[in-house]
Amino acid sequence: MNLASPVQTAGGGRASAYFKRLMWPLIVLAALLIVNIAVTGFDFIVPSVHDGRLGGAFVNILRRSAPLLLIALGMTLVIATKGIDLSVGAVYAIGAAIACQYILNGDQSALGVVVTAVTLALAIAALIGAWNGAMVAYFGVQPIVATLILMIAGRGIAQLITGGQIPSVADDSPFVSIGRGAIATVPVPIIIGVAVFAALVLLTRTTALGMLLESVGGNPEASRLAGIRAKGITVLAYLIAGICAGLAGIIGAANLGSADANNGGLWIELDAILAVVIGGTTLLGGRFFLVGTTIGVAIIGTLEVTIINVGLSSQWQFTAKAIVVFIVAMLQSPEFRAWILRPFRTGRPGRTPAAHDPEKAPAK
Amino acid sequence: MSDEPIVQMTGITKDFTGVRALDGVDFTLRPGEIHAIMGENGAGKSTLIKVLTGVHSPDAGRILLDGEPVRFNSPGHAQAGGIATVYQEVNLTENLSVAENLFAGREPRLGPFINFRAMRRRAKALLSDIGVDLNVAAPLSSYSIATQQLVAIARAVDIDAKVLILDEPTSSLDREEVAVLLRVMRSLADSGCAMVFISHFLDQVYEICDRMTVLRNGTLVGEWATADLPENELIGHMLGREVETLDALDRRRPHDRPAQSTPLVSAAGLGRKGAVAPFDLDIHEGEVIGLAGLLGSGRTETARLIAGADRHDTGTIAFDGRRIGGHSPRTAAARGIGFCPENRKTEGLVGDLTVAENMILAMQASRGWARAIPPARRSELVAEFIDKLDIRPANPDLPVRHLSGGNQQKVLLARWMLIEPRLLILDEPTRGIDVGAKADIQRLVAELSDAGMAVLFISAELDEVTRLSDRIAVLRDRELIDILHEESDMTTDRIVDTIVTRGSAE
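Keeping their order, the protein sequence lines are chains Y and F.
Each residue of the first sequence is one higher than the last, beginning at 1 in this note's numbering.
Each residue of the second sequence is one higher than the last, beginning at 1001 in this note's numbering.
Just chain F, same shape as in the assembly (with noise of 0.2 angstroms):
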């Protein structure tokens, strides 16, 4: 095994109209090793995947395979170069044999016939070189997603793969299935073949992977072995703190509650199969809790559970000391709690419809389409909206997909301020969007706290919890682990350890 580098990334600049994905990134693969790209969405681990495999073309910064520059066209192409990927959902047709799969397009022939006794007899053997053993005359719909991700795998080693690249290969399959991925990998590692392995289960990455390279908001961070880089250090260069840029603001001042205070929401025992294991949570008046943790912990369903997006399938949820029946999204906003979700193109915005439009939906929508709110009530508002936040451009009349992301994320914001909520909800507010307008939500949750209305904040930008929380509820593996309450608590390394220290007592 030399150590001379199979693929050879540098420089690698990406931009999508106006957003750079990418920006001078260097990434090296060498032959037998297990590479993790490491980061939190949007640092731009699917871009450099995708420019590897000929997706994307990179706008600068050069490509090394085996020493020769190489520039891919398509994933077609870059599999001819010796590059192969198995995504998350297994490009495979189903309906057809195990060994049919192995070898679509590339049959053993009898003359004009498929020799389909040599394929079975190939492909056993084939799948038994990777340690699984199989009924190749078997449609692929009988066997489990991870039986058929090996079998991916298999045919990408056959087809004389030099790279292989797993992109979240293990995020669907059960811990002894991933157990079976994990030793195929890492006999295929020692057979020569290098891997790139993209996953946000820390634990498997520590098990599985020699080095890793950590990507930040487009921007290469570094490149590590794995065992010079504890896990602390690493959710610290994945989740960085961008403290430089919105200093400007200060921590706020937490609130002194009275301490006997019935909660305005109380969650107990709340949770869904699934999405987040039973978790307890009170919310005061005028209070700001942050949930904290890495992408998948469970915040976005926490924060879904509370506002009555998703059915809870255990425990209870009471508003004022009331217990709710029915919570759904409707009658949530009846009782004051609005709710921006993480995705504001797809869950919160409707494109089509005007600024304006989308500012009173939710006002609308509380009473009913029979009593329209007067045109001049409604310009009233809008303007005096789109004033206090600063919306731009400053015109109600404009499709609301026109907009830049920030504008959107301040419309959206609108819809909610409008019916006056108790408590508002904000999945990633700051997500995508320009420093500036971060500032300005920022801004606006502290005041909207100070005068009064509870806010629920999520956040993979720890520096923005820990300024505005009052108290940080911690998630980790779909489970709330610990609520920070104390002045001292409300530290980046403090989550982080917390984060980390408690995944490993289990």
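The shape of chain Y in the complex, shown without the other chains (with noise of 0.2 angstroms):
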């Protein structure tokens, strides 16, 4: 469980705990952005106002990544316990499907309609999450499998919501709105993200959610000794990561004015994986960083627009990408660093990479 472990100097606290993670990712994207300010100008980061809404680049990129980061904040807490949600890239299609179709069906321009249409869709992928959690927490399946099922059929189940078709929402609806409007300037799905970040925030830490999620996930042997009931926890963490990728599926959907059951939030759950990877939750479960994944969301997102800033084709987009995780994969590798400070390093005896574990090696 050392793997991911950049404390290795006694003393310090979760503060320091927490900027050591965070730094290389922010470091990444410090150097995008300055990148870009250097292309660009200071344009880039400097908002606009038009028509009465925030605009400019990184104005955009935020909004753009709103559905990234509803579906990365709830793979987050689910990869705290342990596991992982392959199903959110399709709940986002159904979650799209449903609100889009229920408006089709009534009156488009009537507030409750949507209201209603939002809520039904959200209910019906926080009722999917449950499902993955309790398929995880009651019956064993494991979760990259558990999630894989819905991942597949999920995207069938919104072609069959939406007949097949893609059904459009007329540009007058309140619905739209939730995609590309804007309240005092700030863009909605900009607002929508800021606030289930910090909706999740204050769930976490100021229950005890966050403290048993990160013992569930970093010993479930020994929570379940302690009398944790890690099975609701499980379910809840599941459940969460639903809502969010259904919210997620109704901005993007908004902003189109429509859902596409077969690519609306295509391979968004890989995306939003690694997000939560860049920003310094590790993959074994335990300690997740809700900040970190935010900043993840924020690099993802800034670098498809560098790729075209610094004149690079779009082609280079998958590539430029697996280039920036790598090198923050590697940066965060505490054996790495060591490797490539070495040079660097004179007089100073280094740790050991492959140094015993002192209390495993001599038992029995």
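Derived by calculation from the structure, the hints in this document are not laboratory data.
Beta carbons are placed, not taken as given, at the ideal position from N, Cα and C, and that holds for glycine.
There could be a bad hint or two in this list.
If the Cβ cut is set under 10 angstroms, some of the chain Y residues that face chain F in the computed set are [unchecked claim]:
| hint | residue |
| --- | --- |
| 1 | N105 |
| 2 | G106 |
| 3 | G210 |
| 4 | G217 |
| 5 | S223 |
| 6 | I228 |
| 7 | R287 |
| 8 | V291 |
| 9 | I295 |
| 10 | K321 |
Per the computed footprint, the stretches of chain F lying under chain Y, defined by three or more beta-carbons under 8 angstroms from a beta-carbon of chain Y, are [what the hints assert, rightly or not]:
| hint | region |
| --- | --- |
| 11 | 1334 to 1342 |
| 12 | 1357 to 1368 |
Since each chain comes alone in its own frame, lean on the hints to assemble the complex.
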């Protein structure tokens, strides 16, 4: 479990552990921003106001990243339990399909219909999340298998809901403003993203949920023997991930004005996992960092724009993303940092990565 | 058969970052003998074997093989030198046939092709040499673990092993399978092969071994011919008496408990198949019950059933005179039963979480996630227990994995003391920790029980058990054989006698 522990020195509390986890992602994000500013000027970062709403390159990145942020935040909680949720992309499509289809069947411009549609979509998404969680917690299905089922079936379900069509919502429907509107000049998706982030931070850190999640993910057997209701907590994590994915789908659909069952949120689960890992939460479970995940999302969002800004063709997108992910992963590895810094450290004997665990070795 | 030793290890010392696993151990193996290495958990048996087979390299000392100094870098290297090992888990390939396993990597060839007919013929001959008759073309997986072990032995023999090491080969075998294995071992020894046998089954050791070397806490206790060392002396040597280090603490005065009081916990016919035979045990308030027995005697299993960590499949358990239905760690904690498991790292602590978080885990679990312990109350409680138990470093925000074993154990104790349990179950709380922390924990147990808490205490060190306990439940071969309760019975010798006499009476 020591794989991703940059904290080798004794001492230091929670705050410094936090900072050490977040330092490398922050440096990468700063580097990306500096590259963009150097190429396109300060307009990149400074928001401008057009037609009564904030604009500018960076604000647009944040606005477009909102669905990914929601999914990645939910994914963070699931990964903290030592799990993973591959079905979020499909739940995104289902959420979008339910909301759009319900609105099409009613009065498109009525606020009540839109509210009911959104509530219904979120309820179904929550149900799907709870289903995933129940399979993992109560029936012992491995998380990757349990959620793979809906990853495959989910888009089919979304197609059944839309009848194989791509339902389009009229531009004058209140629904569309969830994706395109602004409140007090701030785009609605950003507001939703910030609100969900704040809600999850409050939910996990002012109650004991965060600590118990970390305990269950960090050592399931010890948690069981300490009397923790691990099953309920696991289901809750998947349920939150489901709601987040459904909400992400609604924002995505509202932005486009339509729900595409096949391509809406395609591969978004992989970007979300990436953002979580970049943010310092390990796939082994335990400690989780919602702030880190947010930085990870910002890195991924900024990267896509950076590729275009520096004049690379869009074909470079995947390769460039892979390179940045590679760099972040390497920077987070204590072994790699020790190796790369070795020529600069003279006289100080380095810790060998293969050092024996003092208590494990002489056992028996 | 010459008396020249085939293996001679002298002054072997091995350190693992600060922990001395072996300290100047000598070991001599002669051709044609079966030699047992005996000792409790942590005595250094495995480390000694791993030094001999090249898994670990010794920090000091030397190894002579056939009179020549050798230093093996890897198990493969040791095997080439004639030292083969058969482990508890067979390391063969299950989906290949018996013959293919026997000759893997050195198949008889016919030009570029494998000569399967010759391979099968030779395999048959090889196995019949050690008195085993198998269909050598059948996949290995179609045979029992015992037979697979025999195949592993046959393979070791055929590659001209001069020394064969058998590490707990019998622990998953039934009685008849053991008999076959022991017969094969004897016939190999008669043909000159030297064997090292590690087993915690004393009867097997006495049946098959010529000599035994006893280790304790990484040091050599001595080497004896089996015939010269009666079983009770052997057990005494293995368990030892560390009186000098912990003298300071006198034996606790036993409690005068009211004769008719309802027991706090009452187990009747409680048992679990394959873990521990049904037993009866009453635990009263303020009482310290010791569980004594050798490794594998069922001490831990007994504690786990009472703690609700494992489900019992026979008998009943009552708390305060009322029978408990679904007994689980959560319901046990709610009733006030705290359980510190044997393995702190894998079952006790959450290494990534801080000292404070690990401490409040059980208390928080009982409140549910929605009702967090208020931060002020939490810091107050954590500070109180860090101070009371003298946990060092006294930093509540340090990840608990950075603490030493003794301090980790204290964090675990604090977790349960926080919920003010009525029964505290401690499984080997003092294993692998330094003497100071050991004395602290013993003192704490005495204090808690004086304040009315019941304690179920397990330790491999009998001194500790006799010093602290009001009554001692003695286990052997997964069976509770006696409960010692007279003041005069609280001695190490009495426990050893009970283990030996009750065992051989069967």
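Structure-based check of each hint:
no.: 1; hint: N105; in the structure: violated (38 angstroms)
no.: 2; hint: G106; in the structure: violated (37 angstroms)
no.: 3; hint: G210; in the structure: holds (9 angstroms)
no.: 4; hint: G217; in the structure: holds (9 angstroms)
no.: 5; hint: S223; in the structure: holds (7 angstroms)
no.: 6; hint: I228; in the structure: holds (4 angstroms)
no.: 7; hint: R287; in the structure: holds (5 angstroms)
no.: 8; hint: V291; in the structure: violated (17 angstroms)
no.: 9; hint: I295; in the structure: violated (20 angstroms)
no.: 10; hint: K321; in the structure: violated (29 angstroms)
no.: 11; hint: 1334 to 1342; in the structure: holds (count 3)
no.: 12; hint: 1357 to 1368; in the structure: holds (count 8)
Violation of the numbered hints given earlier is confined to hints 1, 2, 8, 9, 10; the remaining hints are satisfied by the structure.
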